[in-house]
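Protein chains: 2
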Amino acid sequence: MEEAAFAPDAPKTSRLDRRKARTRQALIDAAVRLMTEGRGERASIQEITEEADIGFGSFYNHFESKEQLFQVASQEVMELWGAMFDRASAGITDPAVRVAVGVRLTGRLAWTHPTIAGFFADAGLDAIEFPSGLAARGLRDIRAGQAAGRFTVKEAEVALSAIAGGMCGLLRRHRRDLENVDESSVDELAEEALRLLGVPAREAARIVARPLST
Amino acid sequence: MEEAAFAPDAPKTSRLDRRKARTRQALIDAAVRLMTEGRGERASIQEITEEADIGFGSFYNHFESKEQLFQVASQEVMELWGAMFDRASAGITDPAVRVAVGVRLTGRLAWTHPTIAGFFADAGLDAIEFPSGLAARGLRDIRAGQAAGRFTVKEAEVALSAIAGGMCGLLRRHRRDLENVDESSVDELAEEALRLLGVPAREAARIVARPLST
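Here the protein sequences come in this chain order: A and B.
In terms of my numbering, the first sequence opens at residue 1 and continues consecutively.
In terms of my numbering, the second sequence opens at residue 1 and continues consecutively.
Be aware that a few hints might be false.
Any copy, or any two copies together, can satisfy a pair, since identical chains are not distinguished.
Below, simulated SDA-like cross-link-like pairs (lysine to any residue); rule was C-alpha separation at most 20 angstroms, straight line [said to hold, decoys possible]:
| hint | residue 1 | residue 2 |
| --- | --- | --- |
| 1 | K154 | S58 |
| 2 | K66 | R42 |
| 3 | K66 | R24 |
| 4 | K154 | R173 |
| 5 | K154 | A209 |
| 6 | K154 | A201 |
| 7 | K154 | R176 |
| 8 | K154 | P200 |
| 9 | K20 | S213 |
| 10 | K154 | R42 |
In case anyone wonders, no lab produced these hints; they're calculated from the structure.
Everything numeric in this text was worked out from a predicted model, so none of it was measured.
Work out the full structure: start from the sequences and follow the hints.
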């Protein structure tokens, strides 16, 4: 299906507009790559434009500053992750199952989407400070579980921070030693998260044994 | 008791040596304060020497670089915390009780030792990358609990990272809203940590209800 079918009244984009959008996206992609290599904010604009394979001078046609670019790039990574979670959790209403899906999916990014995984590993707990992505969905599901009496924890934010901490530990460990982290390590973290939230151990194990649709 | 009683053969320190040591300590204390105010690495050497109330020029008599000073200062905060934990956990052999003491003590730093708490809140998960302090003791106790069959988790490092993540979430939350974090929030996190490690919920609650000696 063509995009026009969804937005019949959208103005036609000129070739110049499209090229501009491509250059902007090349800068964002370069920023994401630099972030995942741990160079992020330390990279110069020169390095960013070289990485994006565009002229140094055109940077400021798209972004006011390096900080603005990295902000947009981080946002983009978060939204990509969020959309993946929304697909994988579509139709699931039990908050415990949703949390398990979130942890299991995010941990598997280590090999399915190393760029996003690298971003989380570097960002550490700052990853949950972004309004979109991880934090909003996780908090919403934890609160739903509290309201339904499914989780016994009182402080949703602290619990989310613990789960995010475990996730970063796992992703950092995978980066240091690829062989040490596999599906069973990720699923173990999902069980730990459910137990932490107050789901009985046996039920946590049962939930995490369900097939994961991605 | 005088120090000489413990080190009778130590060379006598001259007044100059003592003054040098005081200046060095003033720089370390200033660095710790700047770190806990979130300025840490961003502070200039000028700001550090002003904060320490010493002349700009004498900085390099004590440290080669800002990075070296902050490294030493972080180490010092970690060792201070470690010594507090060793006192509070002296004589306790059950790894589950030791982990609970560690979490309960560290969470209470928010009001007993705001400087150390601020350091942890800022450092985030990097706090467990230091070889001394938090990481070494926590890992040792988690491994002892695995060996004793007290904990069911397989990956000690990931579990430690989750507990540290919850702790940072709690300390950051306390800093944002002092009234929202009290002893019961800290003790709740200790229970969450024990459940995560694989201690049954009822037993985790019983362990955390024990009096805490500090």
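Consistency of the hints with the structure:
1. K154 x S58: Result: close neither inside a copy nor across copies, 50 angstroms intra and 51 angstroms inter.
2. K66 x R42: Answer is both: 10 angstroms inside a copy and 17 angstroms across each meet the 20 angstroms cutoff.
3. K66 x R24: Within one copy only: 13 angstroms inside a chain, 37 angstroms across chains, cut-off 20 angstroms.
4. K154 x R173: between (29 angstroms within a copy, 14 angstroms between copies)
5. K154 x A209: between (26 angstroms within a copy, 17 angstroms between copies)
6. K154 x A201: both (19 angstroms within a copy, 15 angstroms between copies)
7. K154 x R176: between (34 angstroms within a copy, 18 angstroms between copies)
8. K154 x P200: both (16 angstroms within a copy, 18 angstroms between copies)
9. K20 x S213: This pair counts as neither: shortest intra-copy Cα distance 37 angstroms, inter-copy 64 angstroms.
10. K154 x R42: Intra 39 angstroms, inter 36 angstroms, cutoff 20 angstroms: neither.
Of the numbered hints stated above, those contradicted by the structure are hints 1, 9 and 10, listed in ascending order.
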